[in-house]
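Start from chain R and add chain L according to the hints.
Each protein sequence line maps, in turn, to chains R and L. The first sequence: position 63 = 177 (our numbering), numbered continuously. The second sequence: position 174 = 288 (our numbering), numbered continuously.
Since the hints were made in silico from the structure, they are not lab data. Each hint should be verified, as a subset may be incorrect.
Same chains, same names: a pair is fine if it fits in one copy or spans any two.
[Unchecked claim] Cross-link-like lysine-lysine pairs, in silico, DSS-like; alpha carbons within 30 angstroms at most: (1) LYS303 - LYS187; (2) LYS311 - LYS146; (3) LYS303 - LYS149; (4) LYS135 - LYS303; (5) LYS149 - LYS233; (6) LYS135 - LYS187.
Protein chains: 2
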Amino acid sequence: MTGADKNAINLRHKTRTAKHKQVVDKRIAAAKVDKGLLLVITGNGKGKSSSAFGMVARTLGYGLKAAVFQFIKGKEEVGERAYFVRDPNMRWERCGEGFTWETQDRDRDISAARAGWEKAKEALADPTVHLVVLDEQTYLVNYRYLSLEEIMPAIEARPAMQHVVITGRAAHDVFVEAADTVSAIRDVKHAFRAGVKAQQGIDL
Amino acid sequence: MTGADKNAINLRHKTRTAKHKQVVDKRIAAAKVDKGLLLVITGNGKGKSSSAFGMVARTLGYGLKAAVFQFIKGKEEVGERAYFVRDPNMRWERCGEGFTWETQDRDRDISAARAGWEKAKEALADPTVHLVVLDEQTYLVNYRYLSLEEIMPAIEARPAMQHVVITGRAAHDVFVEAADTVSAIRDVKHAFRAGVKAQQGIDL
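So here's chain R without its partners, still in its complex pose (with noise of 0.2 angstroms):
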């Protein structure tokens, strides 16, 4: 390539890219809404629970506090609870007694998930709780251990800067229709599949 054509090349693309500048300062622009939001991470692939966290840390990372609520996993300890629970502005709750299979108890995972569900509601009333995680929550309603009613106006009702990660597959529509960001993760490949077991840091 000559020294004139990679000029060229350059021209051309600062001529593209400010002319996109001008579009996304203009999108930028006309986003002045300041909210709560309510954000569901559904679909079957891999990155659920794992983006919540991100989140979690982006919250404490402002000095602000966040709360998550785990209703289904056990009571296993693991990497991301390790870490977050030496910050003073983290809540962690581990509510659930693992999986459906695990326990074999419908009555017990009942109990546990009203039990949890009562503490979410505590922080899905406190203004000081920037960020509330609801980890594995669309299980709640799949299995019909809590329903609709039950959680839908505990959220709506929450602080108006208050923020609320749903995740978990299958997340029912009413879920889907109240949020404001949805996101799908299709599971294209997965390592397990491959007869990998769950590796520290990336699965637990």
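This is chain L only, laid out in the frame that chain R set:
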């Protein structure tokens, strides 16, 4: 519902979940391989970088080392960086100068990408680093700032137990094929399109 109905439901639940547990346990037992994974988190939806940062928290939670290379994002301070850099096991490099439409200077973007990639290669050669995040690296290839021939050998020759996460839209097929786990995040709904500004703790 009578007590007898409830008992019948609970018994059915126990039988079904016990059967499911056999299937799950068998699958878990079959997953015997321990290896450093290559994960690709792509798609247009919200949650790609957040998900990588969740894995950073998991890694640091075990007292293991993590390294993040941000190839596009500019120099503004964000929550996740502020949070993680407090940890002595964290290396965080902001290699980008912002999006193309911000810099409007292709030569400068390419130099920044190359300098960043040289640093990332150090981490990819260091067996004490448990997790390497190549944040928004897909764009380096898509914009032709770096070739796959420059990138793939360093990823393939990394230490056997090191995990690598590549994030960014429109991941090249070569990344997808080389990866152990691929998640594609679909943008079902995004608050920004409804006029909501980027929110602390959620987007930055």
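We went through each hint and held it up to the structure:
1. LYS303 - LYS187: both (23 angstroms within a copy, 27 angstroms between copies)
2. LYS311 - LYS146: Between copies, since 6 angstroms is at most 30 angstroms while 45 angstroms is not.
3. LYS303 - LYS149: between (35 angstroms within a copy, 16 angstroms between copies)
4. LYS135 - LYS303: between (35 angstroms within a copy, 23 angstroms between copies)
5. LYS149 - LYS233: Within one copy only: 23 angstroms inside a chain, 38 angstroms across chains, cut-off 30 angstroms.
6. LYS135 - LYS187: Only across copies: LYS135 and LYS187 sit 15 angstroms apart there, 44 angstroms inside one copy, limit 30 angstroms.
Of the numbered hints given earlier, the model fails none.
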